[in-house]
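**Student:** Now for the letters of each chain:
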Amino acid sequence: MRHLLTTVGLEHDQAVSILDVAEDMADVATRAVPKLPTLRGRTVANLFFEDSTRTRLSFEAAAKRLSADVITFSAKGSSVSKGESLKDTAQTIAAMGIDAVVLRHAASGAAEVLAGSGWIDAAVVNAGDGTHQHPTQGLLDAYTLRKTLHGDGSRGRDLDGVRVTIVGDILHSRVARSNVWLLTTLGAQVHLVGPRTLLPTGVDTWPVTTGTDLDAAIAERPDAIMMLRVQQERMHAAFFPHEREYTSAWGLDDARLERLATDTIVMHPGPMNRGLEISARAADSPRSVILDQVTNGVSIRMAVLYLVLSGSDPREVAA
Amino acid sequence: MTTILIRGARLPDATTTDLLLEGGVVTERGTSLSHRDATVIDAAGLLALPGLVDLHTHLREPGFEQSETVLTGTRAAAAGGFTAVHAMANTSPVADTAGVVEQVASLGAQHGYATVRPIGAVTVGLAGERLSEIGAMARSRAAVRVFSDDGRCVHDALLMRRALEYVATFDGVVAQHAQEPRLTEGAQMNEGALSSELGLAGWPAVAEEAIIARDVLLADAVGARLHVCHVSTAGSVEVVRWAKARGIRVTAEVTPHHLLLTEQLIAGSGDGGPYSHGYDARFKVNPPLRRDEDVQALRAALADGTIDIVATDHAPHPIETKECAWQEASFGMVGLESALSVVQAAVVDSGLLDWSDVARVLSRTPAEIGRLAGYDAPFEVGSPAHLTLVDPSASRVFDVDALRGKGLNSPYLGRTLPGRVVATIHGGVPTVLDGELRSPEEVTHG
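Those protein sequences? They're chains A and B, same order as listed. Residue numbering for the first sequence follows full-length UniProt numbering, beginning at 1 and increasing consecutively. Residue numbering for the second sequence follows full-length UniProt numbering, beginning at 1 and increasing consecutively.
With the rest of the complex left out, here is chain A (with noise of 0.2 Å):
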């Protein structure tokens, strides 16, 4: 794998790969030296030109744990604010001699743009690009579902049946992009539910279903119900018309959260607005995995860092 940049054609093998290389790297945390020497003398260069403690934070342990170097550059208070554009920070990094860069960035494209444009050799993963794609999101995502689902037997096996549902802003939702191509290419069913204005243009032509009512979606039984935030910068830009009416509509309050089946898990990328889209007691419920998806983001990470920096095929080398 020489880049991670998006879940839109990302293979069933290659997928379910990635996600047993994962459980390789799960298994090291519980030794008693959680980490591996594979990395070593390697240098992971996290480029965040927007902010985000916590994916940095997961990227970070992850290099550490495959004992690489990690150089962190961060937006606030850097060049980027003087005017310093992506091609020069990326080259000024990869001068300081890199092998892969972790990239943030709020335009969407970014990291399609630096992988195809040559300015620099380090491989690039994606951690994020605008409302585009996040594609270890979405990775850990499939991660915890197949865990939940399938716990030790996990590996090799994919989300073939298994139903998602996903709330809430659509639109903006990186996080969402990601998991709709990649469930559904693990044989997963996802539906999607928002207000009109929060469902993009076009979304009859994803490989999805839609819908707008929270309540029915939840009389479905779905195996998964995925909460996501509510940028406080849509409050006011007549998506919906007040956060009370959001949430009357299409949060999971404590009342939805006594209709959701037994089995469904309530998952949220975070970091959450409580008593918005989510409930304090939903979250913290004993059906909620919210936790464990930061757990598993991690090891999503390094197998994904491991995977771009020895450029391995990730089935050779989970078979």
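Don't take each hint at face value.
Stated by the list, open to error - Calculated Cβ distances over 10 Å to all of chain B for the following chain A residues: (1) Arg2; (2) Gly151; (3) Pro195; (4) Pro200; (5) Pro241.
Claimed, not checked - Listed next, with one range per pair, are the computed distances between beta-carbon atoms: (6) Glu84(A) x Arg396(B): 56 to 64 Å; (7) Arg182(B) x Ala255(A): 46 to 54 Å; (8) Gly275(A) x Arg182(B): 27 to 35 Å.
Claimed, not checked - Only some residues are given here: those of chain A computed to face chain B with a beta carbon under 10 Å: (9) Val8; (10) Lys87; (11) Ala107; (12) Ala110; (13) Gly116; (14) Thr131; (15) Arg177; (16) Val203; (17) Thr212; (18) Ala216; (19) Ala255; (20) Glu258; (21) Thr295.
Simulated from the structure, these hints should not be mistaken for lab results. Glycine included, every Cβ here is placed at the ideal spot set by N, Cα and C.
Based on these hints, arrange chain B on the given structure of chain A.
**Tutor:** Only chain B this time, still in chain A's reference frame:
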């Protein structure tokens, strides 16, 4: 001034003739012409078109000379077979006073590569608030007849109504950049399934169509002329068709790129070819590239006359404004050098238009809309000698050497295009000979 004898050129009506050009005009037309002192151009196998007229060019001077100047832009025009360009008003200072438009026109005249017809801003500073000095610009030495806030839409309905009426006072026309601003806040590409997948803010077709619909009704109500810049959607074509059927005085243009390219290019082909990578900002343009259905509708509309002309919207930008993430990149493509080849590829080679249609949509009608004299009877004895000789059978890989302005932001680099401009003659002066631009000294001294 040079005397030129063109031997054996095929005209748009498919007849073949010799042409003698003296003193800047056509003095003889017929077979077996001869002249002792004439420079002879053997045009056997070449097509003679009237000098091309672009109604929509960004020359960037004054103010943005790092992108283009009147000199470099008119050199690009000559290389593309153009002998007249209409320079858009979004310069710095904005072309909203007689002083600016006279400066731009005189720079064009001084360099001589093409006639430069400045377009005046409709509103002061393109701000959409107060009418600019339209009368002063119309009466100036630049004799402005086209007014546009291009780049911005005159979105205030009352101001648009007044502009239509006031401009009509001077036999001018408002060229509207039809873009409803609120519907396109932050918009990055055509709104649809692809923009949703790519996570780029959508630019809905209705944002263009709603303004065109409003404006044709306003033009009807006040009995004024309206010109619609760069029509890009099938729905816009329907609105213009309806307006014309109703007798409303509206004309419309389409760009070469909207006749050939679709939004799909933004996704990247992944095939290792010139369009392999996604989010290539060379394809970022305003209005955005649309769907294949829109391209087909625009071609049909150009063929049936619903769309009157092709105009380039030549928009040069420095390299760094395209070497960046998509949403940080500037909108626009250069188009003068490639326009004729792209039109040939899109609508001539497919049989929708013949060469006399091309002469109409790229020369006669844009000159009429811009009230530019000298293009109504090309090749006739006594007419100004504006013409271009083209080899339509040529085929070339379009590369940076073909770009003769400052901008390298062409969407066609690496693509094979048909046709080649062999010679361009502006007012009897060759600006291009043997496919090569002539030097500023040669052009200035005729």
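**Student:** None of the hints should be skipped; say for each whether it holds.
**Tutor:** Hints versus structure:
no. : hint                              : in the structure
1   : Arg2                              : 13 Å, holds
2   : Gly151                            : 34 Å, holds
3   : Pro195                            : 16 Å, holds
4   : Pro200                            : 3 Å, violated
5   : Pro241                            : 18 Å, holds
6   : Glu84(A) x Arg396(B): 56 to 64 Å  : 38 Å, violated
7   : Arg182(B) x Ala255(A): 46 to 54 Å : 37 Å, violated
8   : Gly275(A) x Arg182(B): 27 to 35 Å : 32 Å, holds
9   : Val8                              : 7 Å, holds
10  : Lys87                             : 6 Å, holds
11  : Ala107                            : 3 Å, holds
12  : Ala110                            : 4 Å, holds
13  : Gly116                            : 3 Å, holds
14  : Thr131                            : 4 Å, holds
15  : Arg177                            : 6 Å, holds
16  : Val203                            : 6 Å, holds
17  : Thr212                            : 17 Å, violated
18  : Ala216                            : 23 Å, violated
19  : Ala255                            : 32 Å, violated
20  : Glu258                            : 34 Å, violated
21  : Thr295                            : 27 Å, violated
When the structure is compared with the earlier hints, violations turn up for hints 4, 6, 7, 17, 18, 19, 20, 21 and for no others.
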